[in-house]
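Position chains C and L against the provided structure of chain U, taking the given hints into account.
Residue numbers (my numbering), protein chains in the order written: chain U, 286 to 732; chain C, 487 to 635; chain L, 997 to 1498.
Treat the hints as calculated values from the structure; they're not laboratory data.
Computed cross-link-like contacts, EDC-like style, restricted to lysine to aspartate or glutamate with a CA-CA straight-line distance of at most 16 Å:
no. : chain 1 : residue 1 : chain 2 : residue 2
1   : L       : Lys-1359  : U       : Asp-298
2   : U       : Lys-718   : L       : Asp-1020
3   : L       : Lys-1299  : L       : Glu-1115
4   : C       : Lys-527   : C       : Glu-616
5   : L       : Lys-1081  : U       : Asp-370
6   : C       : Lys-591   : L       : Glu-1471
7   : C       : Lys-517   : C       : Asp-573
8   : C       : Lys-551   : C       : Asp-587
9   : L       : Lys-1081  : U       : Asp-287
10  : C       : Lys-551   : U       : Glu-436
11  : L       : Lys-1081  : U       : Glu-334
12  : L       : Lys-1223  : U       : Glu-318
Cβ-Cβ distance ranges computed for the label pairs, FRET-style:
no. : chain 1 : residue 1 : chain 2 : residue 2 : range
13  : L       : Glu-1231  : U       : Trp-700   : 38 to 46 Å
14  : L       : Arg-1300  : U       : Ala-675   : 29 to 37 Å
15  : L       : Ser-1157  : C       : Ala-632   : 33 to 41 Å
16  : L       : Arg-1300  : U       : Thr-685   : 20 to 28 Å
17  : U       : Gln-584   : C       : Ala-632   : 34 to 42 Å
18  : C       : Asp-599   : U       : Leu-477   : 49 to 57 Å
19  : U       : Ile-336   : C       : Arg-542   : 52 to 60 Å
20  : U       : Gln-466   : L       : Thr-1025  : 36 to 44 Å
21  : U       : Arg-571   : L       : Ser-1179  : 20 to 28 Å
22  : U       : Val-465   : L       : Arg-1052  : 45 to 53 Å
23  : C       : Asn-554   : U       : Lys-462   : 16 to 24 Å
24  : L       : Gln-1432  : C       : Gly-603   : 48 to 56 Å
25  : U       : Arg-723   : L       : Thr-1025  : 23 to 31 Å
26  : L       : Phe-1048  : U       : Gly-586   : 27 to 35 Å
A few chain U positions that, by computed beta-carbon distances, are all more than 10 Å from chain L:
no. : residue
27  : Glu-444
28  : Gln-466
29  : Glu-467
30  : Asp-476
31  : Arg-482
32  : Asp-486
33  : Leu-652
34  : Pro-659
35  : Ala-675
36  : Thr-685
37  : Gln-706
38  : Arg-723
The beta-carbon is built from N, C-alpha and C at its ideal position, and this holds for glycine as well.
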Amino acid sequence: MDYAPNTDDQLDDMLRTIGVSSFDELIRAVPAELHRRAIEVPAGLAEAEMIALGERLAGENRSLKDTASFLGAGSYAHLIPTVVDAIASRGEWLTPYTPYQAEASQGTLQAIYEFQTMVCELFQMDVANASLYDGASSVAEAVVMAHRTLERPRILISEAVHPHARQAVATYVSGAKAVVQEIPTVNGVTDLEALGRAMRDDVACAVLQQPNVFGCLEPMAQASELAHRHGGLFIASVYPVSLGLLQAPGAYGADIAVAEGRCLGSPPAFGGPGLGLFTTTNALLRRIPGRLAGCTVDQGGRRGYTLTLQTREQHIRRERATSNICTNEGWLALRATVFMALMGPQGMQELARLNLDKAHYARERLLTVPWITPAFDQPFFNEFALRYDAAMKVEAVNRTLAKRGITGGHPLAGWFPGLPQTALWCATELVSKDQIDRTVETLRGVR
Amino acid sequence: MHRESGAGGACGDPAQGEGMMHVPQELLYTKTHEWIRREGKDVVVGITSHAQEELRDIVFIELPKAGNAVKRGEPAAVIESVKAAFDIYAPVSGTIARVNDAVLKSPQLVNQDCYSGGWLFAILPGDPQELAQLLSPGDYTTLLTAGAH
Amino acid sequence: MTAEPLVFERSVPGRRGYRLPAGDVPQRTAQELLPPDALRATPPPLPEIAEFDAVRHYTRLSQRNFSVDTHFYPLGSCTMKYNPKLNERIAALPGFAWLHPLQPSAQVQGMLALLHELEQHLCAITGMGAFTLQPAAGAQGELTGLKIIAAYHRRKRRVRSTILIPDSAHGTNPASAALSGFSVVQLRSGKDGLIDLKELKAKLTRDVAAIMLTNPNTLGLFERDIKTIAAMLHEQDALVYMDGANMNALLGIARPGDMGADLLQLNLHKTFSTPHGGGGPGAGPVGVTKALEEFLPLPRVRKRGSKYAWQEQNRASVGRVHGWYGNAGVLVRAYTYIRSLGAEGLARASRVAIINANYLKAKVQDAYPVPYGDHCMHEFVATAKPLRAHGVNAWDLAKRLLDYGCYAPTVFFPLIVEEALMIEPTETESRETLDQFAHALLRIAEEAKTDPDLVRRAPQRMAVERLDEVRAAREPNLRWTGPRDFSPEAADPRATGGRKAA
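Bound-form chain U, shown alone (with noise of 0.2 Å):
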């Protein structure tokens, strides 16, 4: 396949203009010894043959089109409107370039306006970025930003924010002068009288996830309260899906919230792309990374849309930049943009529902097999942790399971040396009653 349309004939007369006769002229600059004009790769495939091997290694994976899937732990699978897959297929959204010829990017600019608003509306904040990278390196994002603006080295942070995140912020400060101090968890959810007394005058902010890594429900606003009365901000990681029924941030005094916001309207993809969503308060606007779209008028009056205050950015500031992002998930923010306003206060708040009831009726359902005890004794949202028997190995239960269709719950020894024979369970609105029940058969089928 070859996406160059000018024929040899017309490259030819190309050379003739330039005034050169081979193309060969043109690299003189390259030195004969690094000239290596064959690259070890194989040969082109047409379209066909593409598609074919394409299928081919997409159909080595078990999608969870083909599963009943109760993995959550930070990824979440959740419904796509066919509007949104319709509208951010059109090329006037998936390839333009970034915004900065605002007069030419009035769509682009326009959509992520609406984009900072819905999120600063699902959030209850004052200001939202068009978007960062994904979820982890917002958490580290927000933690920089706190470090930078108080000038204050003890980076305090829960060890139920999601373990990604927790090694995101410890790669990001490795080149400053933070500190990074875990407040260790009692029952499932983050102890507050440890994290009381870690905080102090040299702490620039504590880090909470909600609902956390094991899925609990986690006190909020006690812990921002905390984080205030030594000055400190307060930092929440948050679940956007959660946001249709769970408290808003903005609403329990958070100074920055950051969430992986992939889960609105778009697939799961292995992981990435992700969609990194950073809010803040007007006090910290000036500190914000990333882009911002601001509304203005022209020389004609009319409403118009630009990338603003991008003195922060790299592009101007080079060293001194607030950090050195010079992408947004511009696509992703798109079809996020497009699933909010499709689902309205009234969708998400049902989508909420629907995903806590899913998860109560299985959490239910699965503790009547007799191996399996709760982790935690917690309230929860859309997933949960259980606790296996010791003769029953999580790894083998979701072989079993496996054999069946059904993906289970993520095993958390891995993250967590600490909860062996416990998986994290999550049911979102994708999962059948009739596969929940499944599940439960099959497992108390197992020995």
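Quick look at chains C and L alone, frame taken from chain U:
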């Protein structure tokens, strides 16, 4: 003043000359286009007319905190236009005595009234000798007409 | 083009855009399951519109965009080539799109095989020894590379805190370096626009951890002395980081690994045709020499026999930079592209890209001089300085090009050329398009002489004229807070509402 700019090249009207720039005679200056006025124990600092012209529309100003220590020749404040960010340097070492909150709310004051209402911050100097190293109005005028930026 | 109101202005209480399936499990109430302070008091105040409202609104909005599918984008260093539809079809297959990252490897062998093979192809194309596919964009790739550089020197028990960066570099280079805790020392380019070896020697102190450079550089010129430069750095056991943004000039021509690069980040949304999406997603895989492989982020795909698995443990690794494994959706697109083009197609891509760029340069350089280089590679930098005599600058030119139906080239970058126009046509543009673009540039040069005001007022044919960016920055209006009122008056920004002062 040092500029970091994205699309803020010398975009002005090339026909505009610089010889008519107003250089108040009661102030002192730096090579980096800051002006200095002595006010009691303090020295008040702002940017010159030449600087604000180059900056064009100022949209945001980041001022130091009162009480911060500053060193001569090091960045003390940042002024932003739409496409560029500029460092403003401390002309003398010392402590920040006070800052002009008015320009935080209305950055355009620096464009409109750079020598008076658009002042930026005041320093309590640590070493009075440093004042002698500042440029006189005559020296600054020479600098401007020589075209050195 | 008529104005398009905000979706909030189309909102009518009670409208629904999507109907969820009925629940098949017993319905509970939130109040019985969750503590009262965990619940929000009212549903989120999102817009209420019908499905067709959404389709109309977002379709009409899309028509207010330029895009590669509709317009020529000669943006230097962005490589805005055609985004093949085939890539989209393959990436959307449920066997790729509907995979959960935590599924056991046995369930995702096809995906792991693709990732493994992609790494190998990128090694073959670039001459690097190993790749990480995790970084989500070029800038994140830089961050990853810098972490590896820091880890390398830490391992040797020494502190090296300086990175050398040419003054022509992309802004992300110094930003990333600073974020990683390094200080940046700038290298002034020589008179020929290339790295000056004497300048390099002077600034190559014992504190230098690495150099970050682009080859060809942002002027579109190949750094002839690249092997000497690499040797100078290696002699001090400092590393060579190459920004691979300009890889579209090198396919089948020269390999960064052979040039002496120790690290290389690629932008899959540039050379490898994945779509820009209005600002993302991208992907920024980082290649390293074998000597640096142990520092690569985890996890990595390993092949054992005919099976693929994740390698999770490695003490030397710099850690995780992405929540999962990288932008898999983008990686599938790039893989499709590489397999579609194959060895021949990839080599041809660079060849045609270089010819297209030189052709365009030949057609416009009389009106827009090119200060550096005789021939260029896949891009060139011209100056719009001649227009300044008429009071027209590169920004005005960029806006007037929009009226001619072309997106503008990169302007005012690199900083070492005044009124810079950085032009990269790519190989997927036809000769006819290049001729049209050259014609537009020459017409505008004429307009600058005869009617400069016309150029300064541009654009006049777009959805909006030039926007008040000063107001946007002084009074940030970053979200809609106005009335939900769909009347023409409400759409007028000079009316009340819609402004929440920050």
